[in-house]
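Chain residues, written in single-letter form:
Number of protein chains: 4
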Amino acid sequence: MATTLLKISCPDQVGLLSKLSGFVAQHGGNLLEVHQFTDERSGWFFARMAVETETLSVGIGELRAAFEPIGSGLRADWTIRAAESRMKVVLMVSRLGHCLADLLWRWRCGELAFDIACVVSNHEDFRAMVEREGLEFRHVPIDSARKEAGFAQLGAVFEEVRPDLIVLARYMQVLPDTLCAAYPGRIMNIHHSFLPSFVGANPYQRAWERGVKLIGATCHYATADLDQGPIIDQEVTRVEHFHSPEDLVRIGRDCERLALARSVRWHLGGRVFVSGNRTIVLRD
Amino acid sequence: MATTLLKISCPDQVGLLSKLSGFVAQHGGNLLEVHQFTDERSGWFFARMAVETETLSVGIGELRAAFEPIGSGLRADWTIRAAESRMKVVLMVSRLGHCLADLLWRWRCGELAFDIACVVSNHEDFRAMVEREGLEFRHVPIDSARKEAGFAQLGAVFEEVRPDLIVLARYMQVLPDTLCAAYPGRIMNIHHSFLPSFVGANPYQRAWERGVKLIGATCHYATADLDQGPIIDQEVTRVEHFHSPEDLVRIGRDCERLALARSVRWHLGGRVFVSGNRTIVLRD
Amino acid sequence: MATTLLKISCPDQVGLLSKLSGFVAQHGGNLLEVHQFTDERSGWFFARMAVETETLSVGIGELRAAFEPIGSGLRADWTIRAAESRMKVVLMVSRLGHCLADLLWRWRCGELAFDIACVVSNHEDFRAMVEREGLEFRHVPIDSARKEAGFAQLGAVFEEVRPDLIVLARYMQVLPDTLCAAYPGRIMNIHHSFLPSFVGANPYQRAWERGVKLIGATCHYATADLDQGPIIDQEVTRVEHFHSPEDLVRIGRDCERLALARSVRWHLGGRVFVSGNRTIVLRD
Amino acid sequence: MATTLLKISCPDQVGLLSKLSGFVAQHGGNLLEVHQFTDERSGWFFARMAVETETLSVGIGELRAAFEPIGSGLRADWTIRAAESRMKVVLMVSRLGHCLADLLWRWRCGELAFDIACVVSNHEDFRAMVEREGLEFRHVPIDSARKEAGFAQLGAVFEEVRPDLIVLARYMQVLPDTLCAAYPGRIMNIHHSFLPSFVGANPYQRAWERGVKLIGATCHYATADLDQGPIIDQEVTRVEHFHSPEDLVRIGRDCERLALARSVRWHLGGRVFVSGNRTIVLRD
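Protein sequences, first through last, are from chains A, B, C and D. Under my numbering, think of the first position of the first sequence as 1, with each following residue one higher. Under my numbering, think of the first position of the second sequence as 1, with each following residue one higher. Under my numbering, think of the first position of the third sequence as 1, with each following residue one higher. Under my numbering, think of the first position of the fourth sequence as 1, with each following residue one higher.
Mixed in with the good hints, there may be bad ones.
[As the list claims (entries may be wrong)] Partial list, computed: chain D residues near chain C (C-beta under 10 Å):
#1 Ser21
#2 Ala25
#3 Gly59
[Unchecked claim] Ranges between beta-carbon positions, derived for each pair:
#4 C/Cys109 / A/Ser144: 24 to 30 Å
#5 D/Ala201 / A/Asn277: 16 to 22 Å
#6 D/Ala149 / A/Ala182: 55 to 61 Å
#7 D/Cys109 / C/Ser42: 25 to 31 Å
#8 D/Asp247 / C/Gln153: 41 to 47 Å
#9 D/Ala128 / A/Arg238: 20 to 26 Å
#10 D/Gln205 / A/Asp177: 24 to 30 Å
#11 B/Leu226 / C/Asp143: 30 to 36 Å
#12 B/Leu226 / D/Gln205: 43 to 49 Å
#13 C/Thr237 / A/Pro245: 35 to 41 Å
#14 A/Pro245 / D/Gln205: 52 to 58 Å
[What the hints assert, rightly or not] One-sided excerpt, in silico: chain B residues whose CB lies under 10 Å from chain A:
#15 Leu17
#16 Gly22
#17 Thr79
What the hints contain is simulated information worked out from the structure, not anything from laboratory work. Every residue gets a Cβ at the ideal spot worked out from N, C-alpha and C, and that includes glycine.
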């Protein structure tokens, strides 16, 4: 059934949920799903309400207009949107294609509902894999001698496309601060370790050297600080002494795929809030 | 801080959450935590609201009285109680003491807050272990030749104690239907397999014979049908071909402990609803 | 480095490992990896030895000839083969393509090293997906009115191809006993539940109805008894009350993919022994 | 059945396993369990052989004497001991008793077979808990003003007891280098984070601040570098945004208990080898 999503975060106060659910009820809305979380430490309130669209007495534009004064009064960060509206996504990859292949498969079979504006890579390796899906592949080389030019071109692609989400699906370049800052909470990266262990390069090799008994992957929003952004999801798996660094790479790929796919799903569903350097994830 | 809990389940209707949160707001209550779930299949609504007691304008008795007509109008099953009130629990065990020892330790260190009315066993094995904690140990033998008499005595203990929860912590007797029926949703059993696999006796031996690669434990409310009651929690762990049936017993003990401890915690916190043969668990 | 694999199972006796490792040493072989397991219950011995091929003083044919009398003397089931020789595999699928897509991806990127003789399906849905990989797709319809004819055609395909492994990658037809019996330990099935829970049809729906808190998948060798064959691997994941049967299907897909991919890997690597209705899996 | 354990590590060479299993066979020994691992990177060989004592033609002293020249020739680090001989263990704790209580329980019920020389603490909190088990409790205060004196006293206890294993079961003092160096591979510590994340103090608080979605515990051998020693086992569990730092502490306790209990078990069973800063764990 068609669903309208109200997503909101604001300073906590007494009666907030009553006010919000009252607003929905007042417009005839049948609540399908409600998630609410109050962070006592920050004094912040987060909620996501899924309303059966057919039961609403007004259209989505009118609903937004009606909520405007309430949102302002609460000094809230809020959106009201149709759950069926598909987000526009840019996928980015370098030379390791497992996360890209996984997302493409979930997209093609309908498990993840989003529109792929284009796939961007600093290499040509996956052009055929992308184009045979009927998707646009854009090669934006990042020449180490002149990275700035490459990133400027990348920025131009983003400005042209205006994506709701940029997924770094094993894109092995560190984005410049300006790009990260321009799309806060909208650039998602999959790091191939169980952060904060093994920040930076070659995490599997370093995990092997440290002799850890579990390896993992971490999906987080990219910020100016490398591998320091808010974590959305993590996945781990047990390894043993007989696993070589190459085995860790192989086994870790499945962790990466799973953590990334779930994070993308939750982002698309409006289920992730950023709160400082943490995330509130209203899982489904 | 002191907390008042409203727990309710009723047929779903438009505006329910608004009505409930409005009721709390109307009495000045600051909502600390709200969980709500609507089961579309059964058309049933479930909610648990944690309210900061100090902010309420009335006492708990008055609050209950004020909610009475609302609850009736909704044909709801509801309770309002102080989160700090401790449930009265009867622990039951036969000859395997790991679950009992685990619960006693969590109780003693304050991780699980409840009052232990007594520990009941059909054997004398754990009398010393129980009594040195300053707890009452009751030996209620279940003689196979005259089980009825034993269960009658057990029923008398329950009637005398009037427990909020009875935990079968590896109590290896099948309770008669009448006892199960007398305490619906209040008798909790830990079964040493990943139900519905290996219902009944000797699950670890049968798991070994079937060659499963994961074993587990299941905590459920006891019903008249053996091992068929609503599942509260499950835990599994990986095993390999080199594990003997005895190894499975040893490894499984940790699964049993964990699944049982979490289930008890959630029951005590008013976080478990029974819905047909399923449970809604508002985890913390 | 090139590797020669000796895989053997036989009745246990004193000095077996000494005899086997002595045989390898006598031919100059450097042991890279040794796994040994003695099942005390059945009195059976299982071993897998990986030898550095370059260090062997004789070719593989001569090595086999030299081992012949030893193997006979031990009444052993044994093989000696080059680890690099690729197994010939038939993949089978019906209308749910996630396991097929996953295996194709792992095959294409080299994670799983095997030759795909063909993909067989009782439907046409995945012809394009298969053929664009340059693989042969064979449509063998199984008409419910005349299943025998369909299975006879399937048997003919197997006889023509002579596969080392047949993977039922969500092939939704029950193979007749004769086919199962003709390829013992060489037909692998992925069942979409945590066996022995939910044998047979619609396991996710039944898992939802039973209210389990963990769902899973089981990869096993197919035998004449449906879903009763020796289990190779299992995978589970936690679910909650808010997950619908459709959610379980979605979440379960990742369990199926992982359990199947690992099982195929271990089979290809000569790491799985069947022992009665159990498997010995010498994991890597 | 009585079991004799041969544990050995040495530089790798062709024919090693043949030599070792030949030695056992030559003395009539029936091998119950063999584990072997060759670390290609370091060129080191590790093995553990469990032999049925009754089948050996000589006593353990004679067997050791017979192995002496072989071990020397291989420049090996080796032991031969009766599996039934119980290790002498010192348990150490500060003010958090969950790990101690868990080990005591597993010891009392026979799950872990070892002798407890004494329990040492820098506080008096757990004297009663220990003494009621009939165990010796030693209070060795570590006064921050004169730590050296405290650690000297501790060293004297160790010298008196000559333990096979010292378990820091949430002992919240950093041992001086000299003590660590005196008992290499024999001091085991449980750290309350998923190392190498959150080395040092307050890991749960920092895990909460970093917003990780999985928390864990790490058991490792203590070395002069704090939290940097070879890891024996790790355990993780999923957490969510609604878990407070206090919740992480509570949930983490179960991770700590499990990782520590397994590590102790493997150490007692002669299943752990230290190799540089990694461990080889031949799990059971």
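Hint check results:
| no. | hint | verdict |
| --- | --- | --- |
| 1 | Ser21 | 4 Å, holds |
| 2 | Ala25 | 4 Å, holds |
| 3 | Gly59 | 19 Å, violated |
| 4 | C/Cys109 / A/Ser144: 24 to 30 Å | 26 Å, holds |
| 5 | D/Ala201 / A/Asn277: 16 to 22 Å | 20 Å, holds |
| 6 | D/Ala149 / A/Ala182: 55 to 61 Å | 60 Å, holds |
| 7 | D/Cys109 / C/Ser42: 25 to 31 Å | 30 Å, holds |
| 8 | D/Asp247 / C/Gln153: 41 to 47 Å | 59 Å, violated |
| 9 | D/Ala128 / A/Arg238: 20 to 26 Å | 38 Å, violated |
| 10 | D/Gln205 / A/Asp177: 24 to 30 Å | 28 Å, holds |
| 11 | B/Leu226 / C/Asp143: 30 to 36 Å | 43 Å, violated |
| 12 | B/Leu226 / D/Gln205: 43 to 49 Å | 45 Å, holds |
| 13 | C/Thr237 / A/Pro245: 35 to 41 Å | 27 Å, violated |
| 14 | A/Pro245 / D/Gln205: 52 to 58 Å | 32 Å, violated |
| 15 | Leu17 | 4 Å, holds |
| 16 | Gly22 | 5 Å, holds |
| 17 | Thr79 | 20 Å, violated |
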